[in-house]
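Enquirer: Here is how the chains run, residue by residue.
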Amino acid sequence: MTVNANPNIPEEVRAVAADGTQLRYALMEMARDMDDVIALGRGDPDLDTPPHIVEAAKSAIRDGRVNPTPVKGMDELRKAIAERMRAVNGLPVAAENVMITTGGQEGLFLAIQALIDPGDEILVPDPRYSSYDDAIRRAGGTMVSVPTNREDSFNLEAEAVEAAITPASKALLIVTPSNPTAGIVTEDRLRAIADVCIRHNLIVIVDEIYGKIVFPPWRHFSIGSLPGMAERTITLDAFSKTYAMTGWRCGYAAAPVDVIEAMARVKQVTTGPVATVSQWAGLAAITGPQDCVADYLKIYTERRGALLDGLDRMGFAYGEPRGGLFVWADCSSTGIHATELSYLLLKEGRVLIFPGTAFGDAWREYLRITMLEPIETLKTAVARMLPVLERYRLPPPQND
Amino acid sequence: MQTPTTLSRPLAQRVAGLHDPRAPSATATALPASVIDAACAALDRGETHYTDRPGIPEFRAWVADHLRERYKIKIDPAEVTITCGSTEARFVCLTLLAPPASAVLCPGDSSPIRGALHLVGAKIVDAIQDDISLLYISPDVYRETSTELLRRAEETDWWIIYDLSLAKTDPPFHPARNPKLASRVVTINSLSASMPGWRLGWMAGSEMALRLRAGKQAITICTTAVSQWAGLEWVRTQL
Ligand SMILES: Cc1ncc(COP(=O)(O)O)c(C=O)c1O
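As you go down the protein sequences, you meet chains X and W in turn. The first sequence runs 1 to 400 under my numbering. The second sequence runs 1001 to 1239 under my numbering.
Bear in mind the hints are in silico, worked out from the structure with no lab data behind them. For clarity, every value in this text was computed on a predicted model and none was experimentally measured. From the three backbone atoms N, C-alpha and C, an ideal C-beta is built for every residue, glycine too. Just so you know, not all the hints are guaranteed correct.
Using C-beta positions, here's what the derived DEER-type ranges look like [unchecked claim]:
| id | chain 1 | residue 1 | chain 2 | residue 2 | range |
| --- | --- | --- | --- | --- | --- |
| 1 | W | Leu1239 | X | Gly119 | 43 to 51 Å |
| 2 | W | Asp1109 | X | Asp19 | 56 to 64 Å |
| 3 | X | Glu11 | W | Leu1239 | 24 to 32 Å |
Computed footprint of chain W on chain X, listed as stretches where at least three residues anywhere in the stretch have a Cβ under 8 Å from a Cβ of chain W [stated by the list, open to error]:
| id | region |
| --- | --- |
| 4 | 70–77 |
| 5 | 88–99 |
| 6 | 342–351 |
Next comes chain X alone, as it looks inside the complex (with noise of 0.2 Å):
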């Protein structure tokens, strides 16, 4: 079954489905023209940016404190971070090898800059935050992918990486935990990963965007804290998903001094210097009470189980959802392609749901849907979807 080929499908859908990113805000564009829709596509958090954290911006507006920042970003929130990471994630790193950036996506988009020389490949664990694309391919980078699978719930494979190096190789990506997944690298894996990297001399991007909402058992784990791992990791986080706080574009990168000094520079030149109100608004939620962080994720547990129940009703199979604000959904018992799926659910369910072929081209039996909505939202999105799924359902294949 080809995308292209289905009538069902609108033109503008029809037209970026190959391009991932592009089919995702084309479906985000229908949804906006509907009525009553349902949301479970953007990874934008619903919950509110915590009281105390706003409080803290504001009282930076009204006191006049919102002149420009150097580049880097505020000493005080650079340091504030070196030590988080120091304490919680175990990464050697002071604030010389801290700097602020625009949301977790310009701190990519930097490091990208900073590493990668045309012909350069960087190993990128498929399905993937497709979202990086474009700026692995305008520094003329070649991504290669790394494959995972369902059984294995996404988590990563030292042999698999190893499998894809090739002399061009110098760039391992690795988010997790994942979007789209929802699985994680765990530790015993990350061990085994840093060997490979070091005894081939690559380095590691690794995104922890979601490294604070991850379920136990389960645990996150930074690759950077391990040894001769500092000298060839550049962490990527942001206040983004931790703290609900997508609107206010700031996020960071810890990296060997060299690379922040480079990342700094193509900074300069990219956007300048973050919000300056924005910082103080991480600065208030890195040295603030942390109990938002664990309420959150009590939330998105509960969710989670809703959501689960949810697909288990629909007949979907998925890898188990250990971290992140995803569950990737295995859609081949309906027998439709995920694109026309998506397009279906929303169309007829009123609920908006990205195809896995956002994510990679081999996904189209896959669906991701966040849980970014309360928990009788998240019911009512499984009962819209239900009835069209029955509808279009189709048979089991006969073997004869």
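Start from chain X and add chain W with the ligand according to the hints.
Expert: Coordinates of chain W with the ligand only, in the frame set by chain X:
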């Protein structure tokens, strides 16, 4: 504790020619009370999420209206993208419109575009030659010079960036008034003079507008929500 100083592999070659960042210079005068109130009110309303990727509709509509009223050019709000300062607008436009190894014609001060063009590997020239991909001008360029270059541009397929953000002058002139050029002109401006720490700018127009918007999204997704609401109040009351 041994903190890392040097990466285990060489950095990308392109970063070698870039300059270290300047220390922040701009210090703004105090903001009007209504702007402070608008920023705080936006936060109280919970404007802490990603905004629409190209920016809040109110601000984009204002930019389109402003360009029409002040410069008599027609821009659809859908062709406007709010950016993290004019820096991001320049970066996105230059890196997407000037192919590597092409020449960018810059008759005035080229310091604002040097870094971005170094990163794409395009060169800056101050006279017409064969491989020009883009003309970068601001209102501060002598009018005779820009008039002549824009006349020559009519016979070419150059992109044109009209950068108002750093200009000391603001004549009502605009290159997109010429119908032969309009679809190739991107206008850049910002609030960096009055609200520098808020990182607010925009890019507007051209048949590449949607591609430029996607280019911005790949770098920063959207522009800081509270900055957009504060800036909207500023432009509505101060301009
Ligand atoms: C894996 C991953 N990295 C980075 C980002 C971008 O985060 P930010 O809003 O901090 O730029 C996202 C957002 O969805 C993400 O899922």
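Enquirer: Next, verify each hint and record whether it holds.
Expert: Against the structure, the hints come out as follows:
Checked against the hint of 43 to 51 Å, the pair Leu1239 of chain W and Gly119 of chain X passes, with Cβ atoms roughly 47 Å apart. Hint check: Asp1109 of chain W to Asp19 of chain X, Cβ distance near 37 Å, so the stated range 56 to 64 Å is violated. In this structure the supplied range 24 to 32 Å is violated for Glu11 of chain X paired with Leu1239 of chain W, their Cβ-Cβ distance being about 40 Å. As drawn, the region 70–77 of chain X meets chain W at 3 residues by the rule of a beta-carbon pair under 8 Å; at three or more, the given contact holds.
Counting residues of the region 88–99 of chain X whose CB lies closer than 8 Å to any CB of chain W gives 5, which reaches the minimum of 3, so the coverage claim holds. Evaluation of the coverage hint for the region 342–351 of chain X: breached, as 0 residues show C-beta separations to chain W shorter than 8 Å, against a requirement of three.
Comparing the model with each numbered hint stated earlier shows that hints 2, 3, 6 do not hold.
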